[in-house]
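So the protein lines, in turn, are chains G and L. Residues 213 to 330, numbered by this note's numbering, are exactly what the first sequence covers, in order. Residues 3 to 115, numbered by this note's numbering, are exactly what the second sequence covers, in order.
Be aware that a few hints might be false.
Some, not all, of what chain G presents toward chain L, calculated at C-beta under 10 Å [said to hold, decoys possible]:
#1 Phe240
#2 Thr244
#3 Gln254
#4 Gly324
Below, computed lysine to aspartate or glutamate pairings styled on EDC-like, alpha-carbon distance capped at 20 Å [to be verified]:
#5 G/Lys253 with L/Glu43
#6 G/Lys253 with L/Glu40
#7 G/Lys232 with G/Glu299
#8 G/Lys253 with G/Glu234
#9 L/Lys59 with L/Glu43
#10 L/Lys112 with L/Glu19
#11 L/Lys7 with G/Glu264
#12 L/Lys7 with L/Glu19
#13 L/Lys61 with L/Glu17
#14 G/Lys253 with L/Asp85
#15 G/Lys276 with G/Asp300
#16 G/Lys226 with G/Glu271
For the record, the hints were derived by calculation from the structure and aren't laboratory data. Since the structure is predicted, the reported quantities are computational estimates derived from the model, not experimental observations. Positions of the beta carbon are idealized from the N, C-alpha and C atoms, including for glycine.
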Amino acid sequence: GAVVSQHPSRVICKSGTSVKIECRSLDFQATTMFWYRQFPKQSLMLMATSNEGSKATYEQGVEKDKFLINHASLTLSTLTVTSAHPEDSSFYICSASSPGIMYQETQYFGPGTRLLVL
Amino acid sequence: TQLLKQSPQFLSIQEGENLTVYCNSSSVFSSLQWYRQEPGEGPVLLVTVVTGGEVKKLKRLTFQFGDARKDSSLHITAAQPGDTGLYLCAGLTSTSGTYKYIFGTGTRLKVLA
């Protein structure tokens with residue numbers, strides 16, 4: 213199956229610093245990548261949809277200036293949490309998707325990045 | 003806002019018992035996927051259902067998509083401790099040529115040996 217990697221897997225940073233998380237599709241080209249956020253014991257919340265070569269589409273309530281998304285190639289998307297605060301601490305998961313049979317587009321998930329802001 | 007509500011929220015059962023998890027919405031989805039997630043990992047796709055009324059079986063797991071494509075169920079027969087995890091449904095929506103997935107609220111299952 214398709215493999216998606218995320219780096220780093222864990223990061224601890226001080227409040228006010230910025231953190232970049234990378235999401236890579238290793239063996240396929242992903243026209244679309246999704247970024248999710250998951251709080252403990254909760255479900256996944258879609259933050260934004262990223263299409264290669266175009267601006268990301270953010271979900272309502274997600275600050276685009278705080279969560280910068282870049283999808284520069286068909287295999288790499290990055291999420292930068294700017295001026296991180298303790299409330300940004302969470303599990304961030306990306307998924308990558310490629311065109312498929314209509315309505316059966318499959319997304320392949322990365323292993324997630326746990327961010328802790330002190 | 004499209005919402006997918008799962009029930010029950012938590013379930014703790016003995017090995018060998020059967021269980022059903024429900025995923026309900028007032029919105030229509032193009033397709034619906036079920037995932038299982040282990041702590042600290044990304045979700046793993048179990049199945050995709052596309053057609054209203056569709057039933058798919060994966061060993062001891064049976065998935066059904068509602069006729070109106072607004073709801074779905076996951077039935078596990080003879081649950082085993084290895085089935086323990088967070089089960090998530092996700093509905094696929096599309097507008098103007100773009101698509102995204104809306105995740106359900108999740109069902110945390112614990113199967114006791």
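Agreement of G/Lys253 and L/Glu43 with the hint, judged by alpha carbon distance not exceeding 20 Å: holds, 13 Å
L/Lys7 paired with L/Glu19 [C-alpha distance capped at 20 Å]: Distance of about 23 Å is beyond 20 Å: violated.
Agreement of G/Lys253 and G/Glu234 with the hint, judged by alpha carbon distance not exceeding 20 Å: With a Cα-Cα distance of about 24 Å, the restraint between G/Lys253 and G/Glu234 is violated, given a limit of 20 Å.
Satisfaction of the G/Gly324 interface hint, Cβ to chain L closer than 10 Å: holds, 5 Å
G/Lys226 paired with G/Glu271 [C-alpha distance capped at 20 Å]: Measuring from Cα to Cα gives roughly 26 Å; hence the hint is violated.
Given hint L/Glu19 paired with L/Lys112 - CA-CA distance at most 20 Å: holds, 12 Å
Closest C-beta approach of G/Phe240 to chain L relative to 10 Å, hint status: With Cβ-Cβ at 15 Å, over 10 Å, it is violated.
Distance restraint between L/Lys7 and G/Glu264, which requires alpha-carbon spacing of 20 Å or less: Violated, because 31 Å separates the two Cα atoms, which is more than 20 Å.
Hint consistency between L/Lys59 and L/Glu43 [alpha-carbon to alpha-carbon, up to 20 Å]: violated, 25 Å
Restraint status (C-alpha distance of G/Lys276 to G/Asp300 at most 20 Å): Status holds; Cα separation ~14 Å.
Restraint check, 10 Å cut-off on beta carbons, for G/Thr244 near chain L: With a minimum Cβ separation of about 8 Å from chain L (threshold 10 Å), the hint on G/Thr244 holds.
Straight-line alpha-carbon gap G/Lys232 to G/Glu299, limit 20 Å: Roughly 17 Å between the alpha carbons, so the hint for G/Lys232 and G/Glu299 holds.
Hint check: violations occur at hints 1, 8, 9, 11, 12 and 16; the rest are consistent with the structure.
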